[in-house]
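J.: For the sequence shown, the working numbering begins at -5 and goes up steadily by one.
It is possible that part of the hints are untrue.
Calculated cross-link-like contacts (lysine-lysine; reagent style DSBU-like; alpha-carbon spacing at most 35 Å) [as the list claims (entries may be wrong)]:
1) K104 <-> K120
2) K152 <-> K78
3) K91 <-> K120
4) K55 <-> K152
5) K132 <-> K120
6) K55 <-> K104
7) K55 <-> K120
8) K152 <-> K119
Worth flagging that the hints you see were computed from the coordinates, not collected in a lab. Quick caveat: nothing in here was measured; it's all calculated off a predicted structure.
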Amino acid sequence: MQQQRTYRRPKKSTVQLTSLLDLLFVMIFVSLLQQKPIAEAPKAKAPAKQEIAKTKTPILKTIPLEAQFYFYGTNSSPNIPQGKYLMQGSYDQKTGKLRLGGVGWLDRPKNYEMIPLSGVIGTSKKSFRGRIEFQTCKEFTLQRISNEGSTEISGQWKGSYICAQGATGLTLTIL
């Protein structure tokens, strides 16, 4: 029977490790002593105070909105069912951009999906035109028929949009 030998690496002694750390410390210290001092940059003089005219400008902002999207058949597409859903979105007062997305059905016909509206409110706040960012859909055009509500664009908007099913009637009520 032969005896198996196991080989062990000799451990470095604590003295060797400490000596290496001491040497490293000395090298860093000497290197820092040999560096040239960095000259300080001259301090810049503060510019003289200028009077700033204060003007009041109206704050234009993006307004969060809620709306109801009600669709129905038209003379050219009478077989389209009726449906209604809630929408949420925002209106940018500066650019006139209005974006709305569906959040929940109130009356859903079979095989119909909610579609998002993205467009621009006209400067007179009487028209809303844009594109529908949904497959097989194109554009929409709405005219304002009433202006009741809490925002400058609240009220009922009536018109139509075009998707795969054909021209579809739309009444959008911005709350």
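J.: Which hint numbers does the structure go against, in order from smallest to largest?
T.: Hint 6 alone not satisfied by this model.
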